[in-house]
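Put together the whole structure using the sequences plus the hints.
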Amino acid sequence: GNSVTQMEGPVTLSEEAFLTINCTYTATGYPSLFWYVQYPGEGLQLLLKATKADDKGSNKGFEATYRKETTSFHLEKGSVQVSDSAVYFCALSLKTSYDKVIFGPGTSLSVIP
Amino acid sequence: NAGVTQTPKFRILKIGQSMTLQCTQDMNHNYMYWYRQDPGMGLKLIYYSVGAGITDKGEVPNGYNVSRSTTEDFPLRLELAAPSQTSVYFCATRTGVHEQYFGPGTRLTVT
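From first to last, the protein sequence lines stand for chains P and H.
Counting in our numbering, the first sequence runs from 133 upward without gaps.
Counting in our numbering, the second sequence runs from 3 upward without gaps.
These are calculated hints, taken from the structure and not from any lab test.
Predicted model, so just to flag it, every value in this text is computed and none were measured.
Be aware that a few hints might be false.
[Stated by the list, open to error] Below, in silico cross-link-like pairs of lysine-lysine (DSSO-like), each with a Cα-Cα straight-line distance of 27 Å or less:
no., chain 1, residue 1, chain 2, residue 2
1, P, K200, H, K59
2, H, K59, P, K232
3, P, K184, P, K232
[To be verified] With the C-beta cut set under 10 Å, the calculated list includes, among others, these residues of chain P facing chain H:
no., residue
4, G173
5, Q177
6, K181
7, A185
8, F221
9, V233
10, S240
11, I244
Beta carbons: idealized from backbone N, C-alpha and C, even for Gly.
Right under this line is the structure:
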């Protein structure tokens, strides 16, 4: 079946540290891949996306590259800030499916000053 | 342009009571979804709709019902509330390129 796996959290980093959150997927077909972010007390917001292999999504200093050969979409940021503290969700959507997006379990990130 | 709005923001129900969570969108998106998010967990899909008059079950539909009479509105009905339905409920819409837009959520406690 289709699924998304993320590294377990919580992740705690010092300000200006390098961030990597691993995400791998299993899918039939050719999915689009997403990272969503959820700040405390809010709904999910799209952070970045990639729709085909080797695409790089980027936003607010975050980047993720769609790696078909390793079925991965790892999230990276070179220098995190306290304001990046949130829960990050990796997700996939299949182009052949009109109905559902599959989310990973989420990874909680805390950035301390 | 308000996006996706949900009401109420908070609600406390007694066991056995019923209520409707409202969701309204002004983006003219055909696809709409209801998720629940339990503490420390990811999202579980309750119901979804691909257009007015069309709904289908997700992963955890038991104890819930939905209707979709218009493109804008997608209410979620809880019948006979149980403590297991204590959760945060999110409504979302989707564009043709599969990106989802979420409402701010409704925090429900059943005691």
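Evaluated hints:
1. With a C-alpha separation of about 31 Å, the suggested pair P:K200 and H:K59 falls outside the 27 Å cut-off, and the hint is violated.
2. The hinted pair formed by H:K59 and P:K232 meets the criterion: a straight-line CA distance of about 11 Å does not exceed 27 Å.
3. As the CA atoms of P:K184 and P:K232 are separated by approximately 18 Å, the hinted pair is consistent with the 27 Å bound.
4. A hinted interface residue such as P:G173 counts as satisfied when its beta carbon comes closer than 10 Å to some beta carbon of chain H; here the least separation is about 8 Å, so the hint holds.
5. Hint status for P:Q177: holds, given a least beta-carbon distance of 7 Å to chain H, under 10 Å.
6. The interface hint given for P:K181 holds, since its Cβ lies 6 Å from the closest Cβ of chain H, which is under the 10 Å cut-off.
7. The closest approach between the C-beta of P:A185 and any C-beta of chain H is roughly 16 Å, which is over the 10 Å cut-off, so the hint fails.
8. For P:F221, the interface hint holds, the least distance from its beta-carbon to any beta-carbon of chain H being 7 Å, beneath 10 Å.
9. A distance limit of 10 Å between C-beta atoms decides the matter here; for P:V233 the minimum to chain H is near 6 Å, and the interface restraint holds.
10. Annotation: P:S240 was flagged as interfacial toward chain H, and the flag holds, the nearest CB pair being 8 Å apart, inside 10 Å.
11. Annotation: P:I244 was flagged as interfacial toward chain H, and the flag is violated, the nearest CB pair being 20 Å apart, outside 10 Å.
The earlier numbered hints that this structure contradicts are 1, 7, 11.
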